[in-house]
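With chain F held as given, fit chain R onto it using these hints.
As you go down the protein sequences, you meet chains F and R in turn. All residue numbers for the first sequence refer to the numbering used here, where the first residue is 1 and numbers rise by one. All residue numbers for the second sequence refer to the numbering used here, where the first residue is 1 and numbers rise by one.
Hints are supplied without guarantee of correctness; some may be wrong.
Given that identical chains are not distinguished, each listed pair holds provided it fits within a single copy or across any two copies.
[Claimed, not checked] The calculated DSS-like cross-link candidates involving lysine-lysine, where the alpha carbons are at most 30 Å apart (straight line), are:
1) Lys78 <-> Lys90
2) Lys78 <-> Lys28
3) Lys80 <-> Lys90
4) Lys88 <-> Lys78
Bear in mind the hints are in silico, worked out from the structure with no lab data behind them. Everything numeric in this text was worked out from a predicted model, so none of it was measured.
Each chain, written out:
2 protein chains.
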Amino acid sequence: MTEGVNELHETYDVSGHAEMLAIRRAQKELQTNDLSAYTMYASGEPCPMCLAAMYLAGIENVFYCASMEEAVEAGLGKAKTIYEDMQKPKSERTLSMIHMPLDDGAENPMTLWRERK
Amino acid sequence: MTEGVNELHETYDVSGHAEMLAIRRAQKELQTNDLSAYTMYASGEPCPMCLAAMYLAGIENVFYCASMEEAVEAGLGKAKTIYEDMQKPKSERTLSMIHMPLDDGAENPMTLWRERK
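For reference, chain F alone in the conformation it holds in the complex:
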């Protein structure tokens, strides 16, 4: 079992949410990125960063106590706002996502990755 506690206030690291730290510590300890056999227990409903990290780690179950609505009531509503913004079409989001495609003829790193030996 590994644990994490929100270290945001100490370390200046927005990725310091408890769930992220627990995942990072488990992966380091077990020397694997695959936590598919593991379950996450969180005090509150995970924010989208932490939830996506669970997906990336292959975690299939997360138990949480406080709902997003309770977090909002406690003045911790940022995660809900982010979830809502991420649901919108890119053009309507507060965070602008600007696609800058490669110029014609430029070497494409995605193609190089696909063709790697």
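Here is chain R on its own, set in the frame of chain F:
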């Protein structure tokens, strides 16, 4: 300017995406969680973990080169799958989110947080 390169393969850390590392390094260097004056440049369209981290850091603009579709073509389609799953109602997702409310009368950490002095 801070930079990050995907360190997933070296460190067993799914939070080792380039964007996450760049954010963490910038926050540590500047001793702040607020990167609202900064712009992210990414080789590919960010995954939901990295995108949410940008929101948490207050970044308002991200430029990216390869689109999610190009990533899928290159065999890097996990982010797209996660975005799609996160759009679904909780009950239909591959990652089960199980709400375990507090028992009646149990001390609620969210209330304690709200009432802290």
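Hints versus structure:
| no. | hint | in the structure |
| --- | --- | --- |
| 1 | Lys78 <-> Lys90 | both (19 Å within a copy, 19 Å between copies) |
| 2 | Lys78 <-> Lys28 | both (29 Å within a copy, 21 Å between copies) |
| 3 | Lys80 <-> Lys90 | both (17 Å within a copy, 14 Å between copies) |
| 4 | Lys88 <-> Lys78 | both (16 Å within a copy, 20 Å between copies) |
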